[in-house]
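Novice: Residue numbers (our numbering), protein chains in the order written: chain L, 1 to 204; chain E, 205 to 425; chain Z, 426 to 579.
I should point out that these hints are in silico values taken from the structure, not numbers from a laboratory.
Glycine included, every Cβ here is placed at the ideal spot set by N, Cα and C.
Heads up, a few of these hints could be off.
To be verified - Per the computed footprint, the stretches of chain L lying under chain Z, defined by three or more beta-carbons under 8 Å from a beta-carbon of chain Z, are: (1) 49-56; (2) 73-87; (3) 176-187.
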Amino acid sequence: PDGVVVLPAPQNLSIQSANMKHLLTWSPVIMPGETVFYSVEYQGEYESLYTSHIWIPSSWCSPTKGPECDVTDDITATVPYNLRVRATLGSQTSAWSTLEHPFNRNSTVLTPPRMEVTKDGLHLVIELEDLGPHFEFLVVYWREEPGAKEHVKVMTGGLPVHLETMEPGAMYCVKAEALVKAIGKHSAFNQAECVEVQGESLPL
Amino acid sequence: PAVPCVSDGLPKPTNITFLSINMKNVLQWNPPEDLHGAEVTYTVQYFIYGQKKWLSTSGCRNISRTYCDLSAETSDYEHQYYAKVKAIWETNCSKWAETGRFYPFSETQIGPPQVALTTGENSISIVLTAPEKWKRHPKDNPVSMQQIYSNLKYNVSVYNNKSKKMWSQCVTNNTVVLTWLEPNTLYCVHVESFVPGHPRLALPSQKQCVSTWEDQTSALK
Amino acid sequence: EFRFGPCRVENVILLELWEAFRAVKDSVQTQDNITSVRLLKPEVLHDVSDAESCYLVHSLLKFYLNTVFKNYHNKRVEFKILKSISTLANNFIVITSKLRPCVKNDMLSIYKSAHRRFLLFKRAFKQLDTEAALTKAFGEVDILLTWMEKFYHY
């Protein structure tokens, strides 16, 4: 009808995913002097195959103000997900805009993990950042010497973990990569860090 | 036979739940509200999901305490159970208050292992004994929780009282030897059991602290 | 990963499934009033051989996808149940898509044994009113996950 402003649907939907955190973003709908709200809904492969009429409201963004939505808690399987957004202003709602390509969490970008390598006396200790329940870390450590033998441990993050009992007078180096079993992928290794232990070598 | 009572004459007991640790399954509840001073007793029944009848338990009929150990009745941990309790006072009794469906295998909390520490000059050996499943009689053969949960692991946490540093180790075997520790230093240890992949509450062991021996060379001087 | 006999399945995290079910366990199981019937009886799941397990889990998960979850949507359900079903169903899709139950003749007797177990479950389901059966089957996902966990290797 004449004079009634039809609320435009949000445009430019896109999703950025890093370290299993998935952020859906879109261009805001500008209505001068007004606050536009948005609702986000999702549909996994199951819903689109078996119950295509079913869309599920996002955990944190139905409704939301921002032109973005953290959908991490909604994407809970390694299958393609459809995502859609619409704008709401008072009683007006826009059409739905749907993400052009379904999103699968196996496309997330895994970054080399941050780590802190310390020693407690002769004990080599590592603490890796806590990236959430999906993450394990493959830690490789070795004693810096010709023909060094690499040792491997898999551990979780968020707590200092004992790696090795070191020998005085030796240098030990550590590197780690992030592992995510849910998507069967791993990050690149981070930069190796080394620590040296004072004192002479141990009596044989 | 129990004297019939006027049902719904009393408010129901509240917060009826199972507290389950190492398959010791204790039903507990709060007394009915607004009955201060009344000599209320309770009667408990339990039900095996998929079977036909509510069953009584002789040990929890007309009891005045607000808990009932149903470990024997719920010892087949692959079954699921309900329990209910009603309050009785003189000739009045409440309706039954009922639990949700209780599944011992997936809901029992796994207690910490027993932890034995022995020290050396600069070493501590930690011997862990797996937590034991509840048993009917003290003389029954012990069943380790590790036999029920084959992937049971332990998280050993060590705190160096001098450097104020803490670190942990995830182990599956029962012995951990910490070598090349600092002599004459107090170390504190606590251990948690856990089963990967299953969201359960962790019950850490009591913190135990031991000191490594004095440095023998300086002791000789 | 899951190892159902010869069938291997990766990329499924049991913890995610447990958390999805636990979020709705009490409300779903409370709606199940027919406590004298258990669909996933011991005879269905006890002592399942590795060889049988791939057939049985395939049949059970397909049934949950095609019948239980699919029809659950026709009931008026709360939002948290929709979310729980979505997590379980989408992960069941990952599992079933990777299961390749062997169809060779020498496996016929094993297949038949697994199929008998599945029919025990299905018959018990069909004997109930549909609404009650859907609620009961969904409420027994903890029994299903506990059985599947026996084939999960960390």
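Novice: Hints first: check each against the structure and report whether it holds.
Specialist: Hints versus structure:
no.	hint	result
1	49-56	holds (count 5)
2	73-87	holds (count 5)
3	176-187	holds (count 4)
In this structure, every one of the numbered hints holds.
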